[in-house]
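Chains as they are written, first to last, in this note's numbering: chain A, 299 to 774; chain B, 299 to 774.
Honestly, I wouldn't trust all of these hints.
[What the hints assert, rightly or not] If you want the footprint, here are the derived chain A segments under chain B, 3+ residues with CB under 8 Å:
no., stretch
1, 419-427
2, 448-458
3, 548-561
4, 583-595
5, 718-726
[What the hints assert, rightly or not] According to the in silico footprint, chain A covers these stretches of chain B (three or more CB under 8 Å from chain A):
no., stretch
6, 404-411
7, 490-500
8, 584-590
9, 627-637
Treat the hints as calculated values from the structure; they're not laboratory data. Note that beta-carbon positions come from the ideal geometry of N, C-alpha and C, so glycine has one too.
There are 2 protein chains.
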Amino acid sequence: MSRLRLIVVSNRGPVSFSRAADGSRVARRGGGGLVTALRGLGAHHDVTWIASAMTDEDRAVAAERPGEAVDEVTQSGAPYRLRLLDHDRNEYDRYYNGVANGTLWFVLHYLWGLGNEPTLGAAFRRSWTDGYERVNAAFAAAVVEELDRTPDAAVWFHDYHLFRAPALVRAQRPEARLAHFVHVPWPQSDYWTVLPDDVRRAIHEGLCANDSVGFHTERWRRNFVQSAEELADARTVTTVNPISIDPGEFDELSSSAAVLEEERRIVSSRPELLVVRVDRTDPTKNVVRGFRAFALLLEQHPELVGRVGMLALLDPSRQSLTAYTEYFEAIECEAAAVNDRFARDGWLPVDLQAADNFPQSVAAYKQFDVLLVNPIFDGMNLVAKEGPLVNERDGVVVLSENAGAYAELSDWVVPVNPFDIEGQAAALYEALTLAPAERRRRAEAIDAHVRAHDVAAWTETVLAEIHHPASTILSQ
Amino acid sequence: MSRLRLIVVSNRGPVSFSRAADGSRVARRGGGGLVTALRGLGAHHDVTWIASAMTDEDRAVAAERPGEAVDEVTQSGAPYRLRLLDHDRNEYDRYYNGVANGTLWFVLHYLWGLGNEPTLGAAFRRSWTDGYERVNAAFAAAVVEELDRTPDAAVWFHDYHLFRAPALVRAQRPEARLAHFVHVPWPQSDYWTVLPDDVRRAIHEGLCANDSVGFHTERWRRNFVQSAEELADARTVTTVNPISIDPGEFDELSSSAAVLEEERRIVSSRPELLVVRVDRTDPTKNVVRGFRAFALLLEQHPELVGRVGMLALLDPSRQSLTAYTEYFEAIECEAAAVNDRFARDGWLPVDLQAADNFPQSVAAYKQFDVLLVNPIFDGMNLVAKEGPLVNERDGVVVLSENAGAYAELSDWVVPVNPFDIEGQAAALYEALTLAPAERRRRAEAIDAHVRAHDVAAWTETVLAEIHHPASTILSQ
């Protein structure tokens, strides 16, 4: 594909700044699937990236050249322009905690029992009007300025933080080429009724202001087409492109010193059979039910007691939201309950490690016999792709049917219904006892699939579709 | 329509027996929308009704002639045959509390926040296998015996207690004419994944074993067609017929001595403006959010303080389920909180009456200025039809967009999103201040609609479709 001009818009940028002890500015390149996926863009295209300033030093960078982008380079040395937006703190808090993570995330993943939750009153209304709309308007204003600089650039919005920005850009630049990628599940129309009519309508209209909207799976795409039609009488072109990972990055990481050191620790203490899970402590990730299923496995198969252990690497997440602190407590309680019940000298059933330690995660990926990925709903879930790629034991993936990754990997995983404790215990047993030849066949198939459908293929396909809309799937 | 042979199958029958003080057997004709709807059938058709024995005396009736029906007459004197099934107590508890009300009801109304609830483990599995399946099998066996007596009879199953029975009858009588009516909402396919794969499949296959399945609205019908296709690759003919009420019954009731006495009580204490709600204390009915909206109304419109009151007639419901006792407590708390905040001498903002008192409900129907019907989801909701029919003050209906009745009445109600507290406060204000001519126009329109589309029309239409399937809507 020829070199394109691209304006990437996402809440979190590819880099964040801080001050070192000596007072010098330090750029920390962020993690996360989206940033990883997009950081290869700069090598092939002219990229301007618009994102929120997150740290004090980000704000200092933004303040030095207000309304302008700075020149940056990616980890691999490719140049790009970075424009950080310094939002009002209160507005950002309403946008990020009040709406995006505190409300939309719950809608997008069916997290509320609708009899009692949520109460969307005046506080929500203020968060929407004086938070989400305003921050989206700031993003839209920056996009419009960048479009004035490069009118032929395509704008590529990302995810649930920016559902409104496309409509605000469209109103000012009717001819702009706008695309959005939605990295989360799309719930069905009934569940969207939990939001006030004008809000749910604004969300669907905001997305439909794009020339095209992309999803990871046909399931989420279809749900979006139906809810947009039903709730907002809105439509646009929709596409399906499952995001992926950079195999080269993981190949390199897996032999890095940091990972090898973490791996030595795991090897020195691992049980005969190791079940691994790697997640943020998010209620969507379904950690508690996973522990319950593991306990049921031990109860049903006493021969496994002392032989199998679960290593749960959990990154504490969104601890400013009550539902998340409560969920973290529930995770710790359940792990303690399983250990109280089954632990013996020298064997801990559940080894819960609450930390953000990526080398440790990669080391665990190498060592698992079974990888448990059981989210209640998940847009994609990259753990299911990362783990098998670096695993060295023909490990088996137990995968939720409600993870986006399931659409691609279903032939080679042990499927689970994430709500069915007995089913998950049975799936863990099946995975632990699968014949070696079959384990190998499946592990190789997933590895080959992920390498053939890597993140570079994803970005190039999506960008090609953005630039040649004729090749996209018409809605419905 | 010509006289038909009909086997009606529902969990609750049209009559329940008890012993009077003198030892004589007393038949109490039950309430509830379905029983009311169907009790007119006997006058026009040959009806055998199969239902669960509920009381000790029901079981005595069942035991006197095991495997046989008894001759009964409806309130209006029409004959029918009644067959009561005496289920094992434990099996019935698992079926009724464990599955139908404790699980299916929650699925059908989006009552679970899926991050933390439900835990469907061994107890649920037992309730399903040794409860729901067994009681459904007992119903199916009784249906098969009745079909042996009258092979040309059509079988008409009702509601979410009997999702499995049609498949069990079909397996034994491939040529039988089977129809089902679903009186609850049908959730969309994502939410059904909360049930184990074999269970959700069995439910959809059970229903699709019918020649046709009826729903109250196009919305629930469409959801069913999609989830049956997606989750069970199953399909059948589906129809839409919104159930209704018997206007004659309510006309008569409204001038009955019992109602007039209740009405005198209400009139003697009512405020200038009366908001009424009549519900079971079910989380689907959304009582707590209704109180919050009422409090917000008082806060936003101080001129209404002392002038408007809410009379909440709430029938305590399913108090054997924890979620229901907790919801009842939440209702009492919220009412007390509103009263603590706003009450003055001689004026109580919220008058909460927890009782099963039908004459009181009808009296309140006559007296409301605004009727609040705000369920989070509701298959139909007959309160929205009953109230306007007997109301004598051109009262306005505030109606949830997620109630089945909304599909029929939307032009003449003030619509509300049931989750939107501010929206509900605004709707109450709009309803309380609507111009008299407009109030009258709307009240008359609802009255005319309900009289033109009464329950007799519903039963005849549904029965005609059961007997002439060509007139039904093909799925998808």
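Structure-based check of each hint:
1. Evaluation of the coverage hint for the stretch 419-427 of chain A: fulfilled, as 3 residues show C-beta separations to chain B shorter than 8 Å, against a requirement of three.
2. Remark: the stretch 448-458 of chain A is not confirmed as covered by chain B, as 0 of its residues place a Cβ nearer than 8 Å to a Cβ of that chain, below the required three.
3. A count of 0 residues in the stretch 548-561 of chain A with a Cβ less than 8 Å from any Cβ of chain B is obtained; the coverage claim is therefore unmet, three being the minimum.
4. Check on the stretch 583-595 of chain A: 5 of its residues sit with their Cβ under 8 Å from a Cβ of chain B, so the three-residue criterion for coverage holds.
5. Only residues whose C-beta sits within less than 8 Å of a C-beta in chain B count toward coverage, and the stretch 718-726 of chain A has 4 of them, enough to reach three; the restraint holds.
6. Counting residues of the stretch 404-411 of chain B whose beta carbon lies closer than 8 Å to any beta carbon of chain A gives 5, which reaches the threshold of three, so the coverage claim holds.
7. With a threshold of 8 Å between beta carbons, the proposed coverage of the stretch 490-500 of chain B by chain A holds, since 5 of its residues qualify and at least three are required.
8. Residues of the stretch 584-590 of chain B with a Cβ under 8 Å from some Cβ of chain A number 4, which satisfies the need for three, so the listed coverage holds.
9. Judged by the Cβ-Cβ criterion of 8 Å, the stretch 627-637 of chain B is not covered by chain A as claimed, because only 1 of its residues qualify and three are needed.
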